[in-house]
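Colleague: Here are the chains, one letter per residue:
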Amino acid sequence: MEKDDLLITAAQAQLALSAEEAGRLETAVSEMLDYFEMMNEVDVSNLPPTTHALVRENALREDNPNPNNNQEDLVNRAPENEDNFIVIPNVL
Amino acid sequence: MTELKEHDKDINSFLEFASEDAAASVAASANQDGPLAGLTFGVKDNIAVEGMHLTCGSKMLKDFVSPYDATAVRKLKEAGAVCVGKTNLDEFGMGSSTDNSALAVTNNPWDLECVCGGSSGGSAAAVAAGLVPFALGTDTGGSVRQPASFCGVYGLKPTYGVVSRFGLVAYASSLEVCGILADSVDTTRKVFEVIKGKDGSDQTSIDHIPASADAETVAVLAGDLGLKPEVETAYKKAVDGLKSSGMKIIEVELPMLDYGIAAYYTIAMAEASANLARYNGVRYGHRSAEAGSFEDLMRMSRDEGFGDEVKLRILLGTYVLRSGFQDQYYTRAQKIRTAVRNEFDGVFTKADMIMLPAFPTAAFKHGDQSLDQFQQKLADKFTVAANLSGMPAMSVPVSVENGLPVGMQLMAPVFAEERIFKVAEKLAEVLPPAACPLSMAGQRTTEAK
Amino acid sequence: MAASTSYETFIGLEIHIQLLTETKIFCGCKSKFGDKPNSNVCPVCLGYPGVLPALNEHAVELSYKVCRAMNCDLAKEGMFERKNYFYPDLTKNYQISQFEKPFGRNGYFEYESGGGIKRIRFHEIHLEEDAGKMIHQGGRSFCDYNRAGTCLLEIVTEPEFKEPQEAEDFLQAFRRTVRHLGVCDGNMEEGSLRCDANISINTPGAGLGVKTEVKNLNSSRFVKKALQYERRRQEKVLKSGGKIIQETRLWDEDKSVTESMRTKEEAHDYRYFPEPDLPPFRPDQAFFDMIEKSQIELPLARKQRLTEDYGLTPDQADYIVEEKAAADYFEAVVALGADAKTAAKWIMGNVAKELNRIDLSKADLGTEKCALSAERLTKLLGMLADNKIHGKIAAQTLAAIFNEDKDPEVIVKEQGWDSSADEGDLEKIVQQILDENPRVVEQIRGGDQKPRGFVVGKVMKATQGTANPQSVQSIIGKLIG
Ligand SMILES: [Zn+2]
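Residue numbers (UniProt numbering), protein chains in the order written: chain C, 1 to 92; chain F, 1 to 449; chain V, 1 to 481.
Fair warning: there could be bad hints in the mix.
Said to hold, decoys possible - Straight-line distance between alpha carbons at most 30 Å, and here's what the computed DSSO-like set of lysine-lysine pairs gives:
id: 1; chain 1: F; residue 1: Lys426; chain 2: F; residue 2: Lys248
id: 2; chain 1: F; residue 1: Lys198; chain 2: V; residue 2: Lys30
id: 3; chain 1: F; residue 1: Lys335; chain 2: V; residue 2: Lys101
id: 4; chain 1: F; residue 1: Lys198; chain 2: V; residue 2: Lys133
id: 5; chain 1: F; residue 1: Lys62; chain 2: V; residue 2: Lys133
id: 6; chain 1: F; residue 1: Lys59; chain 2: V; residue 2: Lys30
id: 7; chain 1: C; residue 1: Lys3; chain 2: F; residue 2: Lys59
id: 8; chain 1: F; residue 1: Lys62; chain 2: F; residue 2: Lys9
id: 9; chain 1: F; residue 1: Lys335; chain 2: V; residue 2: Lys30
To be verified - What the simulated footprint calls covered on chain V by chain C, stretch by stretch (three residues with Cβ under 8 Å from a Cβ of chain C suffice, anywhere in the stretch; the number is not a length):
id: 10; stretch: 39–45
id: 11; stretch: 244–250
id: 12; stretch: 382–394
Since the hints were made in silico from the structure, they are not lab data.
The beta carbon of each residue, even a glycine, is placed where N, CA and C say it ideally should be.
Whole structure, please, built from the sequences with the hints as guidance.
Modeller: Written out as structure tokens, the structure is:
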């Protein structure tokens, strides 16, 4: 993987890689991607993709409310919260 | 509890012990008539236990306490078992040594200079050390079976979906399942009976419809498998053991195993890149103190909170899903996943079971340069197939070579867990598992009776 | 009206509707607008470590119901995928949505516009989870996740509207339809129906131009205004030799302009992949049968039927069909024997006034909230038709039904408003009044009709308003000749 590609990917993954880190990870990333190349040796033309390990029946949940009682506890876990809101620096 | 802590001092298998009071009150109110009444257990710290930490071995969640129980944990509690603590692991389950934990180093109870395997290394070490008769682990690509082999205990990766994943902190959702590390086949079976079954909170979970428990023919691999001598020897001993207990052995080839590694890591990393996106310092977990803008807050929280191996997998997973690369990597990997399944299905038309090594080596030393992170990934070749195909597999201790245990992996078609248990019991009769020298006296129930 | 243009216009709409489910799409939290911040949240919709989504059955049913009503090909296999992007209102930093296998594809919808029926085609309809809400204040943003994980259905039209007016007409008809289906309350201010528009212009025959997307359209009127503005803006750019930039623009209602969002919009790469936590949904025949059975007559067809079968004017039919409850109510009243045109007139007139007085609307007709059951209105209109009461008394009786929650005949009887009293009695009263006013009799005999009103008034007073004025008139004629 080119350095540029690594940085684009890091931006997409929202990772703030330092130059030193990027250098360290670059080798490992390339090593792995090179290994992935071996998948090209397999003729996959007649193979359907497997997205779930076992085929199953439909699974649905009834539309009934759960009793909730620990919302405040959940909000209080946020690093910053105020008046029941979870607070972050202004995103605009 | 004090005794447990004391005994764990050099091993360091637990990240957190339940408080004395909590454990006592749980024990007092536990279901005394439950099938697991009186049994204590550890829980890998990527599985939720209400009121206890859920660190995933990461700085990101170092202080995070779970507000709920995982379904498997709830079922164990209902069956009378008592959770004594949370065990160490490779960060978010990513690794084969538990040395990728950001929070603690766990040592192998057979040799404190060696790793305990991973990623469920803490659970395996705790069982080997006799601290608990069983512990929950998670198996995404071998994370229960490999540490079981390194620590000389039993390690079951059940059929995908048979044990609810609700409360298991996701690494690679389509591959992983809650597994069991235990001191005997019987404990494994009992625990499995309790935690299995469809769960409304996990819509990929399914009821267990037991397949035939009969096994006559076991398939094994022939030729140079790239095994270390001690594993080579153990494999031979296990084959002989099966023969002596009346099993028929056939030799097969599994050419897809190497491709399986590439497909496995492609899929696992892709899923991981999404599964770990939620950790951004907003609602819980580590928030960078440095950041001014929101964007910085998110990026720096993630950069500070995750270790190298996690970042590597997130980067690769993001990359293989990017438009323009997805067909070449992710989609192709899913098709190879089908090919691996087909290959194993083919073998199961000729054999009732397959026996493979769990790992090409026995436990290695901390910081062993000959087996770097990349090499460790390639060494997962025997274990990932079960995750790609969904079939059950169990690592069983068959031998001790040069003072370190070696386990073999029994693999069977989906729902054939009982078949695996039966063969494992037969093996235990001819190759009785050795007790770990550092095992806590009196706690460990022995397999051979 | 916008000046006619030398360009061809292409407008498409992307509509999101919040489904009327009790709970969110993947957890048991209540799906409710206006509650205290973060009061309808749980580990699942907050994206806690270890949680999994559990798909709401009702959300799936409502989705298929809409797809069917919009004439889509219904998916035999629907699948969820992860749409990956980071935003703090999205708790998992991926949205569970549909991509390769949405529930509905290739639909269309007919609506009235410009005096005719037009058809718009849908590319697809898919189900997804909604995001939370943020308030930005000073240096901080405040996150509320009550809306996070509520059920959202996305409907994407082809870019085939030729005029902003068509888009507005469509949106109103579409809103009416989802309300009739009972799948969405259609409230654009509260955001339960949201609409983004895209528009491009090009020289005729050249196909689609470079489009801009317009957001912040929280009423159907804004949709038209914003699109008119945006079309003019694009024309100006092209005429002056410029190029349209593909971008997202926000409608500013106060300034009546669209403005570029100016966000650094790296082309989004959502990295979709199948959601491993949810198995595909493969409905059986029973499910399809159930969806088929749940279909109702859509508002447009119903309006046409009401004008054709009952002779209503288009305005009356429009008024009644606007709310399904009103249309059902109207047809119930007619089925009970009331004259259709009279019933329509009353529902649009006196009944509407009374509903307004007590803060109800036509949507409440036929519900428990509304004392005027279909039976009561039918009886009231029957008494009127039989001349048992006259118009003014009928209006009073109507008000009394709402005030006292009683049957109309009980009210008329209690109040002594029955004008069907013996004609002979009425004649005596008229005679007496004529006797007392000989000058009036003279005037009427002399051909002056004005004093007749005076007599009628006197009679009404004497009968406390119950007399039917028409009967009084005919008695006057008979007695004076
Ligand atoms: Zn929730």
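Colleague: Now tell me if each hint is right for this structure.
Modeller: Structure-based check of each hint:
1. F:Lys426 - F:Lys248: holds, 13 Å
2. F:Lys198 - V:Lys30: holds, 25 Å
3. F:Lys335 - V:Lys101: Answer holds: lysine 335 (chain F) to lysine 101 (chain V) is near 18 Å, not above 30 Å.
4. F:Lys198 - V:Lys133: Status violated; Cα separation ~34 Å.
5. F:Lys62 - V:Lys133: Answer holds: lysine 62 (chain F) to lysine 133 (chain V) is near 28 Å, not above 30 Å.
6. F:Lys59 - V:Lys30: Roughly 33 Å separates the two Cα atoms, so the pair is violated.
7. C:Lys3 - F:Lys59: holds, 27 Å
8. F:Lys62 - F:Lys9: holds, 20 Å
9. F:Lys335 - V:Lys30: violated, 40 Å
10. 39–45: holds (count 5)
11. 244–250: As far as the stretch 244–250 of chain V goes, the hint is violated, because 0 residues have Cβ atoms under 8 Å from chain C.
12. 382–394: violated (count 0)
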